[in-house]
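**Q** Listed below are the residues making up each chain.
Protein chains: 2
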Amino acid sequence: MTPPPRKEERPVAALIAPDILALLEESPNDVAAETEEMHAADLADVAEALPIEQVRTLLRVLPAERAADVLEYLDEELRSELLEQMTPAQAARLVSEMTPDDRVDALEELEEERAEEILAEIAPEARRETEKLLTYAPDSAGGLMTTEFVQVPETLTVDEALASVRRIARAGRREAMHAVYVTNEQGALRGVMSLRELLAAAEGTRMSDVAWEEVVSVPATTDRAEVARMTSEYDLVAVPVIDDAGRVIGVVTVDDVIDAIVEEQTEDVQKLGAVQPLEEPYFQAGFWSIARKRGGWLTLLFIEEMFTGTALRHYESTLAGALALTFFIPLIISSGGNSGSQSATLITRALAVGDVEMRDAVRVFMRELGQGLVLGAFLGAIGFGRALMWGNGPDLAWVVAITLLSVVITGTVVGAMLPLAFTKLGFDPAIASSPFVASLVDVAGIIIYFNVAIYLLGLT
Amino acid sequence: MTPPPRKEERPVAALIAPDILALLEESPNDVAAETEEMHAADLADVAEALPIEQVRTLLRVLPAERAADVLEYLDEELRSELLEQMTPAQAARLVSEMTPDDRVDALEELEEERAEEILAEIAPEARRETEKLLTYAPDSAGGLMTTEFVQVPETLTVDEALASVRRIARAGRREAMHAVYVTNEQGALRGVMSLRELLAAAEGTRMSDVAWEEVVSVPATTDRAEVARMTSEYDLVAVPVIDDAGRVIGVVTVDDVIDAIVEEQTEDVQKLGAVQPLEEPYFQAGFWSIARKRGGWLTLLFIEEMFTGTALRHYESTLAGALALTFFIPLIISSGGNSGSQSATLITRALAVGDVEMRDAVRVFMRELGQGLVLGAFLGAIGFGRALMWGNGPDLAWVVAITLLSVVITGTVVGAMLPLAFTKLGFDPAIASSPFVASLVDVAGIIIYFNVAIYLLGLT
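One line per chain: the protein sequences are A and B, in this order.
In terms of my numbering, the first sequence opens at residue 23 and continues consecutively.
In terms of my numbering, the second sequence opens at residue 23 and continues consecutively.
In case anyone wonders, no lab produced these hints; they're calculated from the structure.
Keep in mind that the hints are not guaranteed to be accurate.
A few chain B positions that, by computed beta-carbon distances, are all more than 10 Å from chain A [claimed, not checked]:
id, residue
1, Glu48
2, Gln76
3, Arg82
4, Pro122
5, Pro146
6, Leu479
Label-pair restraints from in silico Cβ distances [said to hold, decoys possible]:
id, chain 1, residue 1, chain 2, residue 2, range
7, A, Ile325, B, Met108, 57 to 65 Å
8, B, Ala86, A, Asp181, 28 to 36 Å
9, A, Ile325, B, Glu106, 49 to 57 Å
Ideal Cβ placement from N, Cα and C applies to all residues, glycine included.
Extracted from the complex, chain A is given alone in its bound form (with noise of 0.2 Å):
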């Protein structure tokens, strides 16, 4: 037998995008059948390298349910253009197919009124739906979940509930159909089954008996970073989302959940490079909206910085009567501020996976000390030979390895130290920036640097 081809990375597209266009122009109609077999994921990256008068002839000749998963999984700006470019009914028509929870998406990304024009076009049942899911913040529980999911009251035997799923499933497609739910009289969620565990129980038992009771959920308030936390501790595939009097409103998947966990990874990585979170990907970002987010930043850092200035400006005798101090400024306070970057990076992250907590303060002090003190002890090794090979004679290589092992102790300590006070004070640890950690470090080094210096040469 012949082997399949070995699939290293994705599995390339049956069609791609110059067999597509031909085909678009000679004969459209053929286009959904030659692309079925196609993972709508692979036809919306072939439709993304088209141009856009040819992704729209693709959504018009697909059928409307196969049109609704390539826009799902196209880029943001360019689903946006096309709905903005088709009437209100057409963008309804695709718009009704898309699951709920990235139909509002889709409607979230578009201007206010454009929405609402297309909602407006939408079945009235659906459009409820949809007004709803779109009151909630969109980085929450609420704002992620989908509200297609199967429940089913406790009363029910395991055949009965089996034969509704069947229903359900051949009725549409219902995304979240990983678990069944079971409800008591009054609709408030009782238990979990996943559809494996249906399929494994005895035909007769009762729901209420074989249900598991201990059912994670959350309310729609929820933060998607702690639904990404409970999806990932109890290994999940779908978080059941309540309301006050604890009935099911939706369900949170698990490909919502990973992108979810994505984007918080991608504002916590600007966040330590001091950047303030963007909202869109780097290209979609606005040229403005990036200098802002910058700006800031680097204005607070620029204004910390300059005390750097106030205190070389303090000691300018010291400095006049030893220019050779000046060449080591720069040596010094980078070492500071690289440790202290490590260190800020490592306990900030620490603090994000739970691997380190506010009472563990103590422990990572000691252990940031002793990190200090070995870094800082070779480095100020290297250091002194360095100074005494530039022949500024003992006494500066020594000034000089002093102060090392002085500012590299100091830099692990208050990059260790800074991410958990701000933790205990409410704010995101994050906020401890690699330049953030050096500019403060930078500032403390110059002062250990000149008085070590004034105490060791006997300068004024």
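Given the coordinates of chain A, work out where chain B should sit on it, guided by the hints.
**A** Chain B in isolation, oriented as in the chain A frame:
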């Protein structure tokens, strides 16, 4: 009706540590029944708060399958310690009940000799399976996959397939049962159906007619980051892993993908903070192991930064003629470093999530050049005012302003281009960490500063 309690955070564990401790001492045989409804993750949380001898008792009184579940959710360190303390036979009884992928994880954490003693006590079939899984790199698809999955021949009808699924589900737990894989006569993967699709399909149809033929699959050597990217792109809950002949040898489930995403992210953040990624959580990583991982980067940055001293020595006479120049050195070089860190962070992250690709290099360059112009002009204006306030005269103020503009432009452009250059050269773009970029720009900053000063102030 009384509404059920709102679950603001995680569901509170039904029994907390002191209760369980008392129960373990007074009537250990009731523990299993009393904790039955608790999620294994919660029971593991409680166990982590108990003395280790009590955790051993707990694992002994729970049914083996349940104890294995708890063991899976336990902290790595504690799990290893427990498995070290038991006899190989006791340990084998527990790890036999774990899912194959978690069993491999647990054994990989142990001393090799110990792992082999435990393996020797496991039933032959499970042992061979485990030994096979142990051969894959932990960061690969093979290292993440479980070997429990469901596949059926394509010649089966939908109702035969469903009956087969029920039989397998009843025979024991099968972690990866969100989808059913369809194989041809040679056992090669030909299609996939989700359980939901299987339930919705018409009963008499053949699997070959209804299963999706375009299956997203990976070879065992695929890096976990790539598996994560595919899971996210195609909204999957499981990715089948195939051998060279196209046969399914395992399945990576979404819970392991989420763990992989979080771990990959931790590595990226640590690299951006100029730390060689730790392999363990902060407190579990050895002190000297952390010091080595930090020391390497710190030394490299230190050597890089030494060139600032070389540059400053080069301008010794200029400095002697205008000592006030010194006061602005840290301010100027840190502004370059900070704007460079921002650009490096933005572009590294955009590369990681696919928002920016190599072909966008020119666009990125132009955009960051623009950002540098705007942000540099802004900081230059503040610096100009500050220099005037310090009474350094308009000439020096101009030097500071023009230098800031040039240094910030250098920072943004270098910071943005380095991650792209590293990618092009086949390195990890995250090497372009904040400290790395800052150190590089520091040297450039000093050279720019003194050249502007020499030119504008007529110094030598």
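**Q** State for each hint whether it applies.
**A** Against the structure, the hints come out as follows:
1. Glu48: Non-interface label on Glu48 of chain B holds, nearest chain A Cβ at 24 Å vs cutoff 10 Å.
2. Gln76: holds (21 Å)
3. Arg82: holds (23 Å)
4. Pro122: Answer for Pro122 of chain B: holds, closest chain A Cβ roughly 15 Å.
5. Pro146: The claim holds: Pro146 of chain B sits with its nearest Cβ about 26 Å from chain A, beyond 10 Å.
6. Leu479: Holds, since 17 Å exceeds 10 Å.
7. A:Ile325 - B:Met108: 57 to 65 Å: holds (59 Å)
8. B:Ala86 - A:Asp181: 28 to 36 Å: holds (30 Å)
9. A:Ile325 - B:Glu106: 49 to 57 Å: holds (54 Å)
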